[in-house]
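Peer 1: So the chains spell out like this:
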Amino acid sequence: MEQMQAADGTPLKRSLKRALRRQKLRALALVAPLLIFVLITFVIPIGNMLFRSVENQIVENTLPETISALKDWDAQGGELPSDDMFTLLYIDLWLAQEQKLHTRLGSRLNYEVSGVSSVFRKTGRRVGRFDTDIYTEQFTELDPAWEDPTTWVALFEDDAAADALQLTARTWDRWSDYLVSEDEDPAAEDIQDFLFTALHFDLSRAEGLTEGPPILQSAAEVAGSFKTVNLKEAFADADNDWADLELWQTLKLYSPTYTPGYFLNSIDMQKSLDGIEMQPANEQIYITLFGRTLWMSLVIMGCCILLGYPIAWLLANLPARKANLLLILVLLPFWTSLLVRTSAWKVMLQQQGVINDVLVWIGLVSNGDRLVMINNQFGTIVAMTHILLPFMILPMYSVMQTIPPSYLRAAKSLGATNWTAFWRVYFPQSVPGIGAGSILVFILAIGYYITPEIVGGTQGVFISNRIAYHISSSLNWGLAAALGTILLVIVLMLYWAYDKIVGIDNVKLG
Amino acid sequence: MADTSNAAAFVEFERVQKSYDGETLVVKDLNLSMPKGEFLTMLGPSGSGKTTCLMMLAGFETATHGEIKLDGKPINNIPPHKRGIGMVFQNYALFPHMTVAENLAFPLEVRKLSKSEREAKVKRALDMVQMGEFGGRRPAQLSGGQQQRIALARALVFEPELVLMDEPLGALDKQLREHMQFEITNLAHDLGITTVYVTHDQTEALTMSDRVAVFDDGRIQQLAPPDTLYEEPENSFVAQFIGENNTLEGRIEEVQGELCTVKLDSGDIIDARPVNIAGPGTKTRVSIRPERVEFMPERLSPDAHLLDAVVEEFIYMGDTFRTRLRVAGRNDFVMKYRNAPDQRRLKKGEEIRIGWLPEDCRALDA
Ligand SMILES: Nc1ncnc2c1ncn2[C@@H]1O[C@H](COP(=O)(O)OP(=O)(O)OP(=O)(O)O)[C@@H](O)[C@H]1O
Ligand SMILES: [Mg+2]
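Respectively, the protein sequence lines represent chains A and B.
With the numbering used here as the guide, the letters of the first sequence map in order to residues 144 to 653.
With the numbering used here as the guide, the letters of the second sequence map in order to residues 1044 to 1409.
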């Protein structure tokens, strides 16, 4: 079959494809700004949040030697790790405190077991003053060249030596990487005690080092008879908790790079040596909070439907001029700051507030027992219903506007009473508006923050207030991210359920 | 005659007035009485108050003044759902969230009929409009003509004695409309229902109705069977509104019983039948149907007054010829004649003399 050709002789298919590609590129260029904006402001933050909720690299990155050695330690054996472990911990911690990383690790672990933070801070301060200088002295006595950093630089350029002294080589790498990152020259910095500790650790284990430079061989021969420091005691001296099994167990539990720990915490559970268990009863708050958030959002949504439906109906059925006026009244709250509206409710609802004053004045309530309407769930529900009401009214209105009045007339002409006509004919057609408004209000409510914060007290706060607390006060971003992720999943699940039950095509926003 | 029809009147409007804003009357002094089983059409230009009348009858608007009676009883205070009047809306108003069968069952449900009765009636109504297989569909899945039939079936399914239709065929194309006109009239006559039908399509009105009420300016201008309306319009509005019409303006010269002479503004004298005039010397508009104009001398009576005319345009329309003439200073005078062996085709610019039988030329109000 002959191929179709374009006017210039190229095959038609190819020139069509080229033309289409150009069109697509142009279209892409047009949407690119939005795409990039959405990517930066939506996809990336959410991705980042999802990642943070399971990410736990800090433990392994800060204490790499300790963590890798802990893999072989039996946490339930009832015995403290060996002296070697303390040597590795000493090396890790020395490097960490030099880079000021140990406090961050301390705060991280403090989320799981309180008190860990201070252990790390205290130990970090002490670790530089451990008696490990005796290793330095003994090595320099043997050969003063050990004191010269260039010796070390040369030593680890030799692969055989690096092979023989694995811990020292890794430690040296970390040390010189750190110096380079600080714009300093490893060949010019003094050799620190922890490097000699590592060297002694390696050499005292090396049996008859036959290869490598002579300085190393001679050191290897005598290293076994060096005086040693008991680092276990030194640590226990710095902070008693190091002699305690619990701290080590925590370290081991939270050593993996990714952890379900934050999610477990979000649902009032925790990891333990025996698997997953509930938090102690007095620390369980999140399930209650999630439940309360969902329940109150539902109540707020219900209130919005009840209050919004008649208003939307009026909007759709009043003559244009009155409807416009009403619409302005509905939109008016949008033109006032959220903070002002919420605070206004404080003024209205508080015990010395307008409503209580009126009730007392009428005599419905005696001055002594004024109603408590603020800083509790009632206050949150009232204020949030008011604030979210437009989000219910507007979708309802836009749906009701499209329902011609002739349907109601038709129903009545067919013999239906006003109520039947409304309930059987008008209401079913307005359901998409209710659905759209409900989704909007519920999703907004479930993640609402400012209003519950101001008028919620302790009983009326939402999960988002807790998230905000972890973001800005406790700085436990992992937990905040896990809570946020759960919230996101709940919303998605509700959306999915709604789609199954009502059908998302039935939702009309305008 | 008038008395007997009044005694059997099924629907009656008595001096009904309607104002929406308290300033202007949309319906002014409406009097109408319909016997049972009649198919009456309200015809009129847009805004003439047809829908308003229908809505008052259905109960969705209240009359500002006057009385509406159904089967002899005043219904002003009966709410719409108790009037038992079937209604077909211009946009059909089929409930979109119900299937066709549910739509039809709705009026039966609210009347608390049993399920089996409902099903039987729905089926009968669907069969009546030849839509038996469509019971399970949603209105959105039907074509315009099918929706129209369902709307009709729904208005009839609860067996009302009176059915109101407000421009029910307005949204359909010409062919379908003609077909539906036929179906609707057949159904109405077969079932013996009284029908009030609103349209502003005069062909529809003429072909379907027993009687047509021509509305203008909130009044019935003429209420008569279609042929009377066409052939004997009572005023110049009706003459103009129904069918094609030539209008000439002039003054009554003299009146002699069933005949009068009119002096046109151009000075020519013509014969006419006095229908709606005040008397000699008053202004009048005479109306002549294009097909009643003759130009062959042998077809005209010898003593008839003739007018000079010049052919401005000759249009061949197959079965008829249509010519536009300059007559008495106007050049929009139309003459139509049959394409027959004894007729000849005029040429543009040809000078002829035209005339008509005096009874075909009606002198009406100015
Ligand atoms: N709800 C209303 N409020 C105020 N004026 C109205 C209302 N409905 C109709 N009118 C006015 O009453 C007059 C008659 O309206 P109506 O609808 O009866 O006309 P119609 O003969 O049905 O016209 P159409 O052929 O266009 O449907 C119009 O001038 C219209 O503007
Ligand atoms: Mg109308």
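Calculated directly from the structure, the hints in this document are not laboratory data.
Check each hint, because a few of them may be wrong.
[Unchecked claim] Just some of the chain B residues that point at chain A, by a computed CB distance under 8 Å:
{"#": "1", "residue": "A1051"}
{"#": "2", "residue": "A1052"}
{"#": "3", "residue": "F1053"}
{"#": "4", "residue": "H1124"}
{"#": "5", "residue": "F1138"}
{"#": "6", "residue": "H1140"}
{"#": "7", "residue": "A1144"}
{"#": "8", "residue": "V1153"}
{"#": "9", "residue": "S1157"}
{"#": "10", "residue": "R1220"}
[What the hints assert, rightly or not] To list a few chain B residues with every Cβ distance to chain A over 12 Å, as calculated:
{"#": "11", "residue": "S1062"}
{"#": "12", "residue": "E1066"}
{"#": "13", "residue": "G1090"}
{"#": "14", "residue": "F1103"}
{"#": "15", "residue": "N1134"}
{"#": "16", "residue": "R1197"}
{"#": "17", "residue": "G1324"}
{"#": "18", "residue": "D1362"}
{"#": "19", "residue": "K1379"}
Because the structure is a prediction, the values reported are computed rather than measured.
From the three backbone atoms N, C-alpha and C, an ideal C-beta is built for every residue, glycine too.
Peer 1: Of all the hints given earlier, name the ones this structure violates by number, lowest first.
Peer 2: 1, 2, 3, 7, 9, 10, 14, 15, 16
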